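So the sequence lines, in the order shown, correspond to chains A and B.
For the first sequence, our numbering begins at 25 and goes up steadily by one.
For the second sequence, our numbering begins at 149 and goes up steadily by one.
Hints are computed from structural coordinates only; laboratory data are not their basis.
Hints are not guaranteed to be accurate.
[Unchecked claim] BS3-like, lysine-lysine: derived pairs with alpha carbons at most 25 Å apart:
hint, chain 1, residue 1, chain 2, residue 2
1, A, Lys72, B, Lys162
2, A, Lys79, B, Lys383
3, B, Lys176, B, Lys162
4, A, Lys52, A, Lys240
All figures in this text were calculated on a predicted structure; none of them were measured in a lab.
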Amino acid sequence: MNDNMEAIRLDNVGVRYRVPSERITHFKEYAIRWLQRRISQRDFWALKEINISIKQGETFGLIGPNGAGKSTTLKLIARVFRPTTGRVIVRGVVAPLLEFGAGFHPELTGRENIYLNGAVMGFTRKEMEAKFERIVDFAELGDFINVPVRTYSSGMKARLGFAVATDVDADILIIDEILSVGDEAFRRKSFERLEDFRRRGVTTLLVSHSMDTINKMCDRAAWLDHGQIKAIGESDQIVNAYLDDQ
Amino acid sequence: MENSSLTPVYDSSKQANPALDELREILKYRHLVSQMVRRDIVTRYKRSFLGIAWTMLNPLATSIILVLVFSNVFGVSSPGYPVYILGGFIAWNFFSQTTNAAMVNLVWGGDLLRRIYIPRTIFAVSSIGTGLVNLALALVPLLAIVIVLGIPLTPALLFLPVPIVCLALFSLGIGLFLSSLAIYFTDVAEMYQIILMAWFYLSPIIYTDELLPEQLLASIKIFNPMYHLINLFRKPILLGQIPEISEILISSAWALVSILIGWVVFTRRADEFSYRV
Numbered sequence: 025m026n027d028n029m030e031a032i033r034l035d036n037v038g039v040r041y042r043v044p045s046e047r048i049t050h051f052k053e054y055a056i057r058w059l060q061r062r063i064s065q066r067d068f069w070a071l072k073e074i075n076i077s078i079k080q081g082e083t084f085g086l087i088g089p090n091g092a093g094k095s096t097t098l099k100l101i102a103r104v105f106r107p108t109t110g111r112v113i114v115r116g117v118v119a120p121l122l123e124f125g126a127g128f129h130p131e132l133t134g135r136e137n138i139y140l141n142g143a144v145m146g147f148t149r150k151e152m153e154a155k156f157e158r159i160v161d162f163a164e165l166g167d168f169i170n171v172p173v174r175t176y177s178s179g180m181k182a183r184l185g186f187a188v189a190t191d192v193d194a195d196i197l198i199i200d201e202i203l204s205v206g207d208e209a210f211r212r213k214s215f216e217r218l219e220d221f222r223r224r225g226v227t228t229l230l231v232s233h234s235m236d237t238i239n240k241m242c243d244r245a246a247w248l249d250h251g252q253i254k255a256i257g258e259s260d261q262i263v264n265a266y267l268d269d270q
Numbered sequence: 149m150e151n152s153s154l155t156p157v158y159d160s161s162k163q164a165n166p167a168l169d170e171l172r173e174i175l176k177y178r179h180l181v182s183q184m185v186r187r188d189i190v191t192r193y194k195r196s197f198l199g200i201a202w203t204m205l206n207p208l209a210t211s212i213i214l215v216l217v218f219s220n221v222f223g224v225s226s227p228g229y230p231v232y233i234l235g236g237f238i239a240w241n242f243f244s245q246t247t248n249a250a251m252v253n254l255v256w257g258g259d260l261l262r263r264i265y266i267p268r269t270i271f272a273v274s275s276i277g278t279g280l281v282n283l284a285l286a287l288v289p290l291l292a293i294v295i296v297l298g299i300p301l302t303p304a305l306l307f308l309p310v311p312i313v314c315l316a317l318f319s320l321g322i323g324l325f326l327s328s329l330a331i332y333f334t335d336v337a338e339m340y341q342i343i344l345m346a347w348f349y350l351s352p353i354i355y356t357d358e359l360l361p362e363q364l365l366a367s368i369k370i371f372n373p374m375y376h377l378i379n380l381f382r383k384p385i386l387l388g389q390i391p392e393i394s395e396i397l398i399s400s401a402w403a404l405v406s407i408l409i410g411w412v413v414f415t416r417r418a419d420e421f422s423y424r425v
């Protein structure tokens, strides 16, 4: 792949949540208010004027306090949200590691959930069959694979989720604060897998509260605050500026 | 990956037509539809003793009760009456269950939409899939009764896919329309139960046309699409006849109107749903 090619581009992106100033959750109430012409809405901009360009193969970090818009930014790139203003362009297959085990069903076995979770990510049954052994192996589930997921410990669930989500041939990896999966041994293993992706030249976008992780893994970073970019540049500079500000 | 023309490009500003885009996406995610149908069926029966037999026993038991009650109340004594009721009941069940499931699955299972990208119509479409499986299972006791009562099985049964497709499209349209309301208002689901009850009694399920006053029957024929859809489904089984062209056209027209309106209304708003669920 061409190193100079842009993988992700956010052009003047804004995301608006439209919150009714009073929350009306019943149709009956809404109808009455509408008749009285008393429906008002408040706009809340979760993101505003975001401009980011990420090159192929780059590892890019997002930092900032809670509610700054980091996860919203990731979800824009993962197509979960569509921007209210501006434009998001993403070139390549995206593997969103946002929340593991999204769509796991407690009554289904680990095996059945692998296929279900795979389908949620857009894979066919056949494609999942090819990956199946690898996933079970990596998640270290052994015979538990034939038992309903409701009997799993949270660590086992996380391991299975991570194993399914990362067994992909993606161009872009989106990671939301997930390097804290399972025990120390598994954490090391998952870290290695992510390093593997980076070595293969996969573009990585990372949200973390650990400045250490950002410093170690990222080439560049952006500091988000109240939905706006406060600073963007080399990750060590951004991390330092952020820490000085605390 | 070497060939950059194969690299998928997502551009948020390129969305010419949400309705068509969604159609393309749901076709791409058809494996997810089948996995979700599988999940629905498997989880429903996993911890139950009789398992999948419930799908067949349930409408059967209900119809036996209805037949016992109504052949006494209305004095209907035609030999085909049990088939009339069970046939109508199966078609109605399909409609009421799938429309409810579309709404409930989106509202309660929709947090998936906030976590990962999947086509938003997936919940409604897979409820139709689950409904179709249940309908196929319910046909077993229906055909058993047909045989027991000595009603001849005719080639007209091969026509059944047509009314089933009409029912599916009609239900999907209504399900999508309801879903787009239910996202915003929590009482839509409750209101719909009341509407369903009235709708049930305004549809020819437990009574036959002859029992209705002429004027009421005329209005039902105009305003209640389920009148036509149920009859289209029942006729080949009960009478061994392929419905007339005019009957087929009316049902297909209702199905098309419903799916078009439902799909367009839903997809126009769909980008907002991941914020709202």
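Hint check results:
1. Of the supplied pair hints, the one linking A:Lys72 and B:Lys162 holds, its CA atoms being roughly 20 Å apart against a limit of 25 Å.
2. Straight-line distance between C-alpha atoms of A:Lys79 and B:Lys383 comes to about 63 Å, which puts the hinted pair past the 25 Å bound.
3. A threshold of 25 Å between alpha carbons decides the hint, and for B:Lys176 with B:Lys162 the separation of about 18 Å falls inside it, so the pair holds.
4. The straight-line distance between the Cα atoms of A:Lys52 and A:Lys240 is roughly 55 Å, outside the 25 Å bound, and the hint therefore fails.
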